[in-house]
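Generate coordinates for the entire structure from the input sequences, incorporating the hints supplied.
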Amino acid sequence: MIMEKSNSAAKTNPRPGEPLLEINNLQVSLPDAPHVKPIIDGINLRINAGEVVALVGESGSGKSMTALSLMQLLPTGLKATSGKIIFDGEDILAMSQRQLNHLRGGRIAMLFQQPQAMLDPTSRVGTQVAEPMRIHRNVDRTAAKARVLELLGEVGIPDPSARADCFSYELSGGMAQRVMIAAALSANPELLIADEPTTALDVTVQAQILKLLDDERRKRKLAVLLITHDLSIVSALADRVAVMYSGRIVEEGPTQRILNSPQHPYTKALIQCSLLKADKDGNLFSIPGGAAQARDLDEGCRFLPRCVTAASANLQERCTHLEPALDSYNDCCKARCWAVKPDGAHSGAHEARRP
Amino acid sequence: MTSYDPIERNLSRDKGTDPTAPFVVVNDLVKHYPVPGFPRGRSVKSVDGVSFVIKEGEVLGLVGESGCGKSTIARVLMRLTPPTSGVATVDARNVFAMKGEELRRMRRTMQLVFQDPFAALDPRMTIGESMEVPLAQHGIGHARERRDLVLRMLNDVGLDASFYGRYPKQCSGGQLQRVVIGRALLLKPWFLVCDEPTSALDASMRTQILNLLMDLKRRFSLTILMISHDLRVMRYMCDRIAVMYLGQIVEVAERDELFEHPRHPYTRALIASSMLEETGLNSSAGLLKGEAPSPLNPPSGCRFHTRCIYARQACSENVQDLLQAGDGHSVRCQFWEHLDDVSQQTARSGDDASREPMARAMSA
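In order, the protein sequences belong to chains A and B.
So the first sequence is numbered by this note's numbering: it starts at 1 and just counts up by one.
So the second sequence is numbered by this note's numbering: it starts at 356 and just counts up by one.
These aren't lab readings, by the way, just hints derived from the structure by calculation.
Because the structure is a prediction, the values reported are computed rather than measured.
You may find that some hints are simply not true.
[Stated by the list, open to error] Taking lysine to any residue pairs in the SDA-like style, the calculated list, with each CA pair at most 25 Å apart, reads:
1. A:Lys268 to B:Glu456
2. A:Lys277 to B:Asp585
3. A:Lys277 to B:Leu567
4. A:Lys268 to B:Glu632
5. B:Lys524 to A:Pro75
6. A:Lys277 to B:Lys644
7. B:Lys644 to A:Arg218
8. A:Lys211 to B:Glu609
9. A:Lys277 to B:Glu609
This is the structure in structure tokens:
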């Protein structure tokens with residue numbers, strides 16, 4: 001393929017199973033507003049080459065901000081204030097603008113929730129799909145053109161040569177997301193960040209797009225960071241899952257293990273919510289309160305105001321004052337809960353932050 | 356109803372109405388949007404001959420992909436846009452024939468809950484002001500009474516009095532959806548149309564709002580038309596479900612019947628796609644080809660034939676009517692009885708040769 005000869009990095013790339021990306025104790029906060037608590041507070045996450053890791057949680061839990069900090073695309077005012085993001089041996093947070101440009105779209109590609117909003121309305125679809133390979137892989141115009149048609153065909157766009165001359169507004173939502181996938185794959189990246197890639201699409205199209213993503217990542221041995229709030233997507237696509245709550249990871253492990261036997265009360269609640277099965281009184285299970293409450297807490301577990309386990313396990317006292325650390329509870333899963341691991345360590349982050 | 360209520364709830368109810376007759380009857384509803392710049396007659400066939408009934412106190416679900424005409428039905432029923440043709444009666448009154456004062460009174464009995472609560476509220480008005488507008492519009496109470504009504508309704512939808520003075524930007528999506536539902540119920544309607552009330556919300560907020568809707572339905576004895584593309588929401592909320600495709604209803608059945616014995620190939624694909632954790636990616640993605648065609652130029656014959664994996668020659672030629680597939684179960688597919696034979700044969704013959712035996716079974 002055209003990619004390989006121009007991609008000198010290909011030889012040293014991590015092989016499947018080896019760590020490709022490691023987030024170490026990442027903290028994202030607003031440096032100009034010191035009284036506002038960090039948006040992301042000490043996240044550790046590893047993605048191996050060729051692995052699909054899902055990040056789930058409610059809106060406001062910091063999933064998307066985690067993804068944006070990987071690309072150093074955080075909104076103005078937000079800054080990664082501590083921690084490291086190691087991608088293939090190098091810290092993204094310490095990279096120069098030039099190195100970042102090399103990374104973005106080249107070795108790390110991103111899919112967004114609103115495909116039509118992310119495509120440039122003034123340039124043709126073909127040009128946009130060709131751009132990453134033209135910039136990052138030095139593919140010449142003619143070769144790029146042929147490769148674009150090949151890619152568009154691969155992502156299931158009928159009549160690629162006609163579609164390549166379209167503008168984004170001429171495409172349906174599903175088609176636009178296919179084009180986005182083609183553009184993301186164009187420079188043969190190693191990591192794909194998919195931020196709610198199917199939320200704006202119909203369920204029927206969603207299944208098709210997820211199938212396409214799954215096929216492509218297997219074919220290309222692509223690592224994927226999948227961000228979603230839909231657990232059925234997670235179960236269909238992800239190898240591992242990390243559950244986020246209020247800027248922290250509260251549970252992490254292999255998808256089937258976590259979905260079948262969740263340990264953290266929040267994960268349990270989230271799974272029950274998404275099943276939408278009524279109890280004998282005809283009521284749906286719902287998590288009391290809202291996620292915003294967690295931001296007001298100064299100490300203790302952030303999920304405590306909405307937690308049903310704490311009261312029944314007689315842990316109220318401990319949960320109010322000490323926040324548990326994210327601790328392994330078996331060979332492959334971790335959870336941040338006193339009820340799961342009563343003798344575990346506590347996280348000192350709250351204390352450190354207090355004035 | 357509670358005694359504080361200055362609104363006479365029975366205002367809209369004809370004492371002489373037969374209580375067993377369906378509360379909402381929609382008959383052959385058509386809505387075509389003309390396309391500017393095209394020759395006469397060219398139009399988007401958004402809703403093309405839709406009929407359904409809703410019994411009093413029933414929740415009817417309307418599912419389908421975007422662009423199939425679900426929301427148009429809601430807008431037409433609410434008289435927000437005029438129908439091209441067709442008849443709709445609510446409580447034995449013809450909705451489309453109403454004018455002036457009669458229409459204004461009728462609007463009190465039918466309310467709409469929109470999908471996006473941020474767009475449904477004026478960002479420059481407080482929640483309280485927004486909620487009082489419909490009361491003032493219908494001349495209910497004095498300022499202080501209206502304020503009391505709004506505060507009571509905020510309590511009913513699970514919000515505290517502090518929300519009265521807040522602006523929409525100070526609230527979360529779930530809270531605003533509660534406000535919008537409360538505003539719709541302030542006029543004590545009989546008939547509520549919910550247009551995707553939970554699709555803008557998180558999983559945890561979604562269950563809270565659905566619980567609230569069901570609770571309010573019981574307390575206010577509402578008849579609901581629930582519009583959604585999420586079959587899991589439908590399964591919880593609805594008594595009966597109608598599946599729409601390109602402006603037509605392709606299947607109607609009681610909830611359990613629809614989920615246990617879906618007859619139309621499109622319904623089967625929809626169910627498989629929304630229950631990914633049970634069906635897996637491969638089976639659900641394989642049930643449907645391509646994307647929905649444009650309602651500007653719907654396919655000939657059966658409108659679904661371009662995407663149907665069971666389709667054959669006859670499907671593109673014969674226009675299909677709704678057929679009876681059981682008690683209260685209708686389906687718009689001429690081969691609905693044979694779909695099961697086909698899938699059994701396919702299972703036996705393996706996946707690779709799936710198209711051949713399917714065609715054979717169809718022609719048998």
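Outcome of the hint check:
1. A:Lys268 to B:Glu456: Roughly 53 Å separates the two Cα atoms, so the pair is violated.
2. A:Lys277 to B:Asp585: 14 Å, holds
3. A:Lys277 to B:Leu567: Given that 25 Å is the threshold and the Cα spacing comes to 15 Å, the pair holds.
4. A:Lys268 to B:Glu632: 16 Å, holds
5. B:Lys524 to A:Pro75: 19 Å, holds
6. A:Lys277 to B:Lys644: Since the Cα atoms of Lys277 (chain A) and Lys644 (chain B) sit roughly 30 Å apart, the hinted pair is violated (cutoff 25 Å).
7. B:Lys644 to A:Arg218: 22 Å, holds
8. A:Lys211 to B:Glu609: Between Lys211 (chain A) and Glu609 (chain B) the Cα gap is close to 31 Å, so the pair fails against 25 Å, i.e. violated.
9. A:Lys277 to B:Glu609: 17 Å, holds
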